[in-house]
Each structure stands twice: as C-alpha cells, then as structure tokens.
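So in the working numbering, the last spot in the sequence shown is 232, and the numbers never skip.
One should not assume that every hint holds.
[As the list claims (entries may be wrong)] List time: in silico DSSO-like cross-link candidates among lysine-lysine, alpha-carbon distance up to 27 Å:
no.	residue 1	residue 2
1	98	123
2	81	221
3	98	182
4	62	173
5	81	173
6	221	201
7	123	39
8	123	173
9	221	62
10	182	221
11	139	172
12	137	123
13	115	139
14	107	123
15	82	182
16	62	81
17	221	98
18	115	39
19	137	39
20	134	107
21	39	139
22	221	82
23	173	115
24	62	134
25	107	139
26	134	173
27	137	172
28	182	62
29	134	172
30	201	107
31	139	123
32	62	107
33	139	62
34	62	98
35	107	39
[To be verified] Quick list of the computed label-pair ranges, beta carbon to beta carbon:
no.	residue 1	residue 2	range
36	53	121	44 to 52 Å
37	227	121	27 to 35 Å
38	111	201	17 to 25 Å
39	216	173	18 to 26 Å
40	38	204	26 to 34 Å
To be clear, the hints were calculated from the coordinates, so they are not data collected in a lab. Idealized CB from N, CA, C, for every residue including glycine.
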Amino acid sequence: MRIGLVFRRSCWGLVLILAAAWPGLASGEEVQIPKCEEAWCFTVAQPPSAWPAAYTGKTIEVQEFPRILIDIPAGIKKIVRSDSVTLMAYDGRKALSFSEHRKEDHADFMKAVEGTSYKLNDLMHVVFTKTPKDKEPEAVADQTFWRLAMRFKSTYMSESGTRVFTGKKGAVTVYYKKESKPILGNLENTAIVLNEKSPNGFLQISSTNMPFDEFTKIIGTIRERMVK
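Given these sequences and hints, build the entire structure.
Have a look at this one:
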C-alpha cells in the first residue's frame, strides 16, 4: 500500500520553500511577501451548491477532527496510521485517507503569522474564496497570513481547468475537487472539511482509485458532531 502513503501531498512544506525565498519568515520576523501574480492565484471555488447525496451502501461511522462524523464504506482491508494521517485500504487498490491539521501541529506556520487575527481554518477559506483582486487586510500579521494563503493556492489550484465545489451545512463547510490528471498513475480526489465551531484546524480527505461520484457521496455523509 505504498501508494496510499505517497499520494497525501502536504501544503505545509511550502512554509519551508517560502522561508528560503524570504529569510526570517519561519523565525517570525516581519517579511514583506510580494502579491501572487500566478494564474492559479485568481482561481476560486464555485459558490455553495446543494449538499451532495449521501452514500447509501454499507458504512462505518467514524469520528474525526474538527468535531465531525463521517460514514465511510465498509469492507476495509487494512488501516495504516502515521502521525496525523489515517489510511483505509480497500480492494482494487482503492484507498481513503484522513489527515488532521491542528494549530499545534504547525508551529512553523503559526510562527510566521504570529499576531494574526485569523484562525487556521481561515487559511482554507482564503485559499478557496479569495484572489489578489480582493482587498487585503491592513495589519502586518494578517497581510502575511493572507499572502501566504495566496501561495498555498498552488497546492489545490495549480492545474489548468481546476474546478472546486463547495458544500455548506450548518457550521460545516467542505471544499472538494477531482484531480484533472492522475497522481503517480492513481486517480485522486481531495476535500477540505472545516467546522466553524472548531476554527483552529481542519481535515483533509483524499482518495485514490475511487470514482468521483463515490467520493462525493462519502462527503455527503459528513455532519457536525454535537458536543453536550
């Protein structure tokens, strides 16, 4: 199941790349990051549409951060865990993974934007809904956060013709997309799940060798986990 551990591409390595381009960023120094002018910086997700229909086959309910429940297909053949990533392998080289992103797991990024009024889940809202044409925040730390988010767009928007869909139900927002070309020969789909009641993190769901229709039906089972 090597492919399952490889396909999860983290956007957080970009912090190191940016730190090399602008020394002092990772150490928390004030750094003026240029506005992004790449074509993908001007790509945004489509407006919220109807919540996807839920998967109707045999499922297993799982609890995930940030305070959500998901029903995933039964028939799991193997489970692999590595740090904050959990991979479920199925027949036919099909795999589904959950990757949790918490504020405390990304100290380098949070150091680079120290003092910002934004929360970690705001990073994904900016990535998927804003462009350099939108008005930037004026505070230095907020502007650094904003411009870093523009750079992070390359992780999800760099391919020509990328279409990202948006689903919103209560406090939960999901941005999801079908990759336009295979990753390492394996079809991959990606979703970012945000819960406004848990703003200091988000969940990335990825699949390999899974039809996009099946992937969206799994997204359709996502709901907020109520806490008494």
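Hints, one by one, checked against the model:
With a C-alpha separation of about 34 Å, the suggested pair residue 98 and residue 123 falls outside the 27 Å cut-off, and the hint is violated. Restraint check for residue 81 and residue 221: satisfied, since their Cα atoms lie roughly 20 Å apart, inside the 27 Å limit. A C-alpha spacing of about 15 Å is found between residue 98 and residue 182, which places the hinted pair at or below 27 Å, so the restraint holds. Distance hint between residue 62 and residue 173 is fulfilled; the C-alpha atoms sit about 23 Å from each other, no more than 27 Å.
Between residue 81 and residue 173 the CA atoms are separated by roughly 31 Å; this puts the pair beyond 27 Å, and the hint is violated. Between residue 221 and residue 201 the CA atoms are separated by roughly 24 Å; this keeps the pair inside 27 Å, and the hint holds. With a CA separation close to 21 Å, the supplied pair residue 123 and residue 39 stays within the 27 Å bound. Taking the CA atoms of residue 123 and residue 173, the gap is about 20 Å. The hint holds against a cut of 27 Å.
For the suggested pair residue 221 and residue 62, the alpha carbons sit about 12 Å apart, so the restraint of at most 27 Å is met. Of the pairs offered as hints, the one joining residue 182 and residue 221 holds, with about 13 Å between alpha carbons and a cut-off of 27 Å not exceeded. Pair hint residue 139 plus residue 172 holds up; C-alpha atoms about 24 Å apart against a cutoff of 27 Å. With a C-alpha separation of about 22 Å, the suggested pairing of residue 137 with residue 123 holds against the 27 Å cut-off.
Distance hint between residue 115 and residue 139 is fulfilled; the C-alpha atoms sit about 24 Å from each other, no more than 27 Å. Proposed proximity of residue 107 and residue 123 is supported: the alpha carbons are some 8 Å apart, at most 27 Å. For the proposed pair residue 82 and residue 182, the alpha carbon gap of about 24 Å is at most 27 Å, so the pair holds. With a C-alpha separation of about 15 Å, the suggested pair residue 62 and residue 81 falls inside the 27 Å cut-off, and the hint holds.
With a C-alpha separation of about 15 Å, the suggested pair residue 221 and residue 98 falls inside the 27 Å cut-off, and the hint holds. Our distance criterion of 27 Å between C-alpha atoms is met by residue 115 and residue 39, whose separation comes to about 20 Å. Between residue 137 and residue 39, the direct Cα distance comes to roughly 10 Å. Compliance with the 27 Å bound is thereby established for this hinted pair. Between residue 134 and residue 107, the direct Cα distance comes to roughly 22 Å. Compliance with the 27 Å bound is thereby established for this hinted pair.
A distance of roughly 12 Å separates the Cα atoms of residue 39 and residue 139; the hinted pair therefore holds under the 27 Å criterion. For a cut-off of 27 Å, the pair hint linking residue 221 to residue 82 stands: about 21 Å separates their Cα positions. Taking the CA atoms of residue 173 and residue 115, the gap is about 32 Å. The hint is violated against a cut of 27 Å. Proximity of residue 62 to residue 134 is assessed by CA-CA distance (about 38 Å); at most 27 Å being required, the pair is judged violated.
Our distance criterion of 27 Å between C-alpha atoms is met by residue 107 and residue 139, whose separation comes to about 26 Å. Simply put, residue 134 and residue 173 have alpha-carbon atoms about 21 Å apart, close enough for the 27 Å limit, and the pair holds. Of the supplied pair hints, the one linking residue 137 and residue 172 holds, its CA atoms being roughly 24 Å apart against a limit of 27 Å. Restraint check for residue 182 and residue 62: the C-alpha separation of about 24 Å stays at or below 27 Å, so the hint holds.
Restraint check: the Cα-Cα separation between residue 134 and residue 172 comes to about 17 Å, which is no more than 27 Å; the hinted pair holds. This hinted pair checks out: residue 201 and residue 107 have alpha carbons roughly 14 Å apart, not beyond 27 Å. The suggested pairing of residue 139 with residue 123 holds, with an alpha-carbon distance near 18 Å, which does not exceed 27 Å. For the suggested pair residue 62 and residue 107, the alpha carbons sit about 34 Å apart, so the restraint of at most 27 Å is broken.
Of the pairs offered as hints, the one joining residue 139 and residue 62 is violated, with about 47 Å between alpha carbons and a cut-off of 27 Å exceeded. Distance restraint check for residue 62 and residue 98: the Cα-Cα separation of roughly 16 Å lies within the 27 Å cut-off, and the hinted pair is therefore satisfied. For the proposed pair residue 107 and residue 39, the alpha carbon gap of about 25 Å is at most 27 Å, so the pair holds. For residue 53 and residue 121, the hinted distance range of 44 to 52 Å is not satisfied, since their beta carbons lie about 30 Å from each other.
Range check, residue 227 to residue 121: about 29 Å between beta-carbon atoms, so the 27 to 35 Å window is met. Between residue 111 and residue 201 the beta carbons are some 24 Å apart, a value that agrees with the proposed interval 17 to 25 Å. Taken as a hint, the range 18 to 26 Å holds for the pair residue 216 and residue 173, whose Cβ atoms sit roughly 20 Å apart. The hinted range of 26 to 34 Å is satisfied by residue 38 and residue 204, whose Cβ atoms lie roughly 28 Å apart.
Comparing the model with each earlier hint shows violations of hints 1, 5, 23, 24, 32, 33 and 36; every other hint is respected.
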